[in-house]
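A.B. asks: If you want the building blocks of each chain, they are given just below.
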Amino acid sequence: MTTPRRAERSAGWSRRGLLAAAWFFFLLPRPARSMPAAARFVDDLGRRVLAVLGDRSLDRAARLERLTKILDEATDLALVARLVLGRYWREASEAQRREFVDLFRRLLLKTMSDRLDSYGGETYEILGARAVDERDTMVFTRILRPQGEPIAVDWRVRDLGGRFVLVDVVAEGVSMVVTQRSEAAEIVGRSGIDGLLAEMRRRLAQSS
Amino acid sequence: MSKNKGPRFRPALAGVLSAALLAAVPVGAEEVHDPLEPINRTIYGLNELFDVMLLGPVAQTYGELPRPLRTGVRNVLDNLRSPVTFVNDLLQGEFDRAGVTFARMFINSTIGIFGLFDLASEFGYPPHEEDFGQTLAVWGVGEGPFLMLPLLGPSTVRDAAGLVVDRAAFDPLARLGDTDIGAARAIGETIDTRHRLDPVIRDLRRNSLDPYAAVRSAYLQRRAAEIRNRRPPAGERGYEAIFREEGDDDDAAAR
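Line by line, the protein sequences give chains C and Z.
If you're matching positions, the first sequence starts at 1 in my numbering and goes up one per residue.
If you're matching positions, the second sequence starts at 209 in my numbering and goes up one per residue.
Next up, chain Z with everything else stripped away, as it sits in the complex (with noise of 0.2 Å):
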């Protein structure tokens, strides 16, 4: 599934979509798997409302803190989510990946004082994402009807699954039960993703035609490209389709 050629870096932009961590059709299919639309978008504008009532200002405030304590505030959550990357990787049989997670893991547990330092990467173990809808992709289940999660965002049947098996199986904190560790750690994600993502949000609030079409197929590729292990879109079939397509009718419809 993952002959990459060397390490790829997965910029923790994987992490901005955290919350849209989950998705595998292939690239470009024109039909979209959305049969709870109206829900959907119902939810969507919902979700809308929260943010530009909370959840946006609250980011933007959380944005105006000194960089290093962010930057120390995102490893710790990344170092939080490696047991269940660790957990993935294995479940995938990407054994050398879950490797990498694993020193990550060590390294940044101890050295790196609890996670707040990201020392591994220094040491060339860069960081990657896994979960449990990844995995199940790449068992061969297909990502269902595409869902929008009330605060949680884009995902699918299947991703919605998989975050449920990740957070209630994989996930250590889970296990401390209801703590407020859980409840800091949630918050935190949520509002580091929405500050990392709002450029992208603010872009698609001005320039999209229909933001929510946009987010949608958005999360869709972006998953697909996550269960690809980030090798490009290019020779996708559904994705080449578009182009070659275009070719046919070219000639014939050109001006």
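With the rest of the complex left out, here is chain C (with noise of 0.2 Å):
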């Protein structure tokens, strides 16, 4: 008669205790693991990101130079000059094509080197993802201001073949890759893609 009652007890008690696993589990930081692989990949980047950004023993040089080396791993910069090039790339000449990622390249770059200094300590959050086709995933973050609002920055990260790489990055919901896509078909459309790479390297010279 004691045994059952024993067996219920003890069954109750591991009941209750794999409850309180699965609440320690649920109260547990989100583990890296659990998430999607893009998404992981979108964190290990932002770690590494406000890593050199919060180093104070690197200077300006420093820094960018370790941001560029991660920039370069994180994209794939020819496919995103691609795509804001449309449909214009089949029109482009080898050269053409060449120039184009080229210039686009430094263009982000010199970007990525004016926002450096307005850093201000922000961190991110990253709020789940959704996975789009058979290789595009949409991974959504908040990033977070010590003043202000957050501000909804969605990461459009393609699988391609086992590595990640970024394609878009669309920020309140305006695409950058839209935008400047835009602006592209606007400038070929009024003077031709020699006059879209006449325009680029008048602003890459604007900077120095």
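The set of hints was computed from the structure by calculation and includes no laboratory data.
Glycine included, each C-beta is placed from N, C-alpha and C at the ideal position.
The reader is advised that the hints may include incorrect statements.
[Stated by the list, open to error] Residues on chain Z that point at chain C, a partial pick, calculated with CB under 7 Å: (1) His-241; (2) Gly-301; (3) Arg-414; (4) Asn-415; (5) Leu-417; (6) Asp-418; (7) Ala-421; (8) Ala-422; (9) Ala-426; (10) Arg-430; (11) Asn-437.
[As the list claims (entries may be wrong)] For lysine to aspartate or glutamate, the following EDC-like pairs were computed, each having C-alpha atoms within a straight-line distance of at most 20 Å: (12) C/Lys-110 with Z/Asp-242; (13) C/Lys-69 with C/Asp-55; (14) C/Lys-110 with C/Glu-94; (15) C/Lys-110 with Z/Asp-411.
[To be verified] Computed Cβ-Cβ distance ranges for the label pairs, DEER-style: (16) Z/Asp-406 with C/Asp-194: 30 to 36 Å; (17) Z/Ala-376 with C/Asp-59: 55 to 61 Å; (18) C/Asp-194 with Z/Pro-246: 21 to 27 Å; (19) C/Ala-62 with Z/Pro-353: 54 to 60 Å; (20) Z/Tyr-270 with C/Glu-125: 28 to 34 Å; (21) C/Ala-37 with Z/Leu-277: 26 to 32 Å; (22) Z/Asp-406 with C/Ala-20: 48 to 54 Å; (23) Z/Ala-377 with C/Ser-93: 54 to 60 Å; (24) Z/Ile-247 with C/Arg-201: 25 to 31 Å.
Join the two chains, each given in its own frame, into one complex according to the hints.
C.D. replies: Below, the structure is given as structure tokens:
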């Protein structure tokens, strides 16, 4: 008579134990392995960028150099450049394509360099991820600012057979690729691909 | 239209583009409907001139005021906007959101001391903004041609019409007639918005290949996001097409 009761009690305990364990896991900060791979990729990227930005021992040049390395690893800029040029990519000659990709990269680095000094202790939070097709996943994040409202930023990540690359950044609903594509189309429509390349060179020259 | 999972934060950055507060073309739509482009570009140029000469410097000065003061100003301005948001929540059939807006209005206008303190957010009623341009979009009205408005910035025909309705019909301040309060509010809104857009504007001037095209594109995308009540563009046909289309000539055209 006592045995079943004890069994019952122990079953009760183990059930409670399970529940407690479940709660415990639920309350744990989301472990990296519960994230989809694409989100883990973005998280890893975020950590590395914050590590560089937060490292006081680095001077500006060293910081920029490291960020450039991270950027080159985390993106396929030739691919993004192609997306930005859109249908004009097909019309471009081999030489024009090569120059466009090169200028695109340099302009992006210049923009990054411009923004470097405006870093003021922002951190981020990964909110979730959603696969949009066989190879692309949107990873949703929030940039938390020490002052001011958080900013919603979505990252479009492409799976190139095991290697992830960023293909777009969407800040508060505004996509970098869509915006730059619209600019490129406007200029090409007005003055051709060579006109676009000239404008890009002009922009680059302005900075220094 | 907006079956969000849980309440979504709508950073008052929404207010940031409050001049830019109105448009629903599928994000990524290649062809932007801008038949008035030459005129729009001229107005854009004049707006830029005004900004460089007056608005920008004023906003800069404003930015040097103590932060709590600016937050208070922002809160008051947001609170003054909430009747318009409330009416448009209702017109869009968003009754839950209308309830939130009403609670915000009530809390912030009373214990928040005329909206100076956004206590409603602390109590779990986060802000959001709606306007009649968005309501028209929810009702199925297309955005029409893109417009660059003098002083007010990017808009569309639908959104400009919405702005007029909001101001004339839904805004309690407008009922008071053309008062100093109304003017002060408009000026405050302009300066505060400009101040918060400052990093974006700087970036645009320095790094954009065609700032006008960038502003236009960003405005239209932003409005589309507002109308979706901030769901991400992933899944939108126009947006997805960009990334798929490339896939087709990817193999053919790759290096």
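A.B. asks: Take the hints in turn and mark each one as holding or not.
C.D. replies: Comparing the hints with the structure gives:
1. His-241: 12 Å, violated
2. Gly-301: 22 Å, violated
3. Arg-414: Interface hint status for Z/Arg-414: holds (6 Å vs cutoff 7 Å).
4. Asn-415: Cβ of Z/Asn-415 sits 5 Å from chain C, so the hint holds.
5. Leu-417: Interface hint status for Z/Leu-417: holds (5 Å vs cutoff 7 Å).
6. Asp-418: 4 Å, holds
7. Ala-421: Z/Ala-421 check passes; min Cβ-Cβ to chain C is 4 Å, inside 7 Å.
8. Ala-422: At 5 Å from the nearest chain C Cβ, Z/Ala-422 passes the 7 Å test, so the hint holds.
9. Ala-426: Cβ of Z/Ala-426 sits 5 Å from chain C, so the hint holds.
10. Arg-430: 5 Å, holds
11. Asn-437: Where the cut-off is 7 Å and the nearest Cβ of chain C is about 11 Å from Z/Asn-437, the hint is violated.
12. C/Lys-110 with Z/Asp-242: Measuring from Cα to Cα gives roughly 30 Å; hence the hint is violated.
13. C/Lys-69 with C/Asp-55: 16 Å, holds
14. C/Lys-110 with C/Glu-94: 25 Å, violated
15. C/Lys-110 with Z/Asp-411: At roughly 11 Å apart (the allowed maximum being 20 Å), Z/Asp-411 and C/Lys-110 satisfy the hint.
16. Z/Asp-406 with C/Asp-194: 30 to 36 Å: 34 Å, holds
17. Z/Ala-376 with C/Asp-59: 55 to 61 Å: 56 Å, holds
18. C/Asp-194 with Z/Pro-246: 21 to 27 Å: 23 Å, holds
19. C/Ala-62 with Z/Pro-353: 54 to 60 Å: Roughly 49 Å apart at Cβ, these two residues miss the hinted range, so it is violated.
20. Z/Tyr-270 with C/Glu-125: 28 to 34 Å: Taking Cβ atoms as reference, Z/Tyr-270 and C/Glu-125 lie about 30 Å apart, which means the hint holds.
21. C/Ala-37 with Z/Leu-277: 26 to 32 Å: Hint violated: Cβ distance 46 Å, outside 26 to 32 Å.
22. Z/Asp-406 with C/Ala-20: 48 to 54 Å: 51 Å, holds
23. Z/Ala-377 with C/Ser-93: 54 to 60 Å: 56 Å, holds
24. Z/Ile-247 with C/Arg-201: 25 to 31 Å: Check passed, 30 Å falls within 25 to 31 Å.
Hints 1, 2, 11, 12, 14, 19 and 21, counting from the list given before, are not met by this structure.
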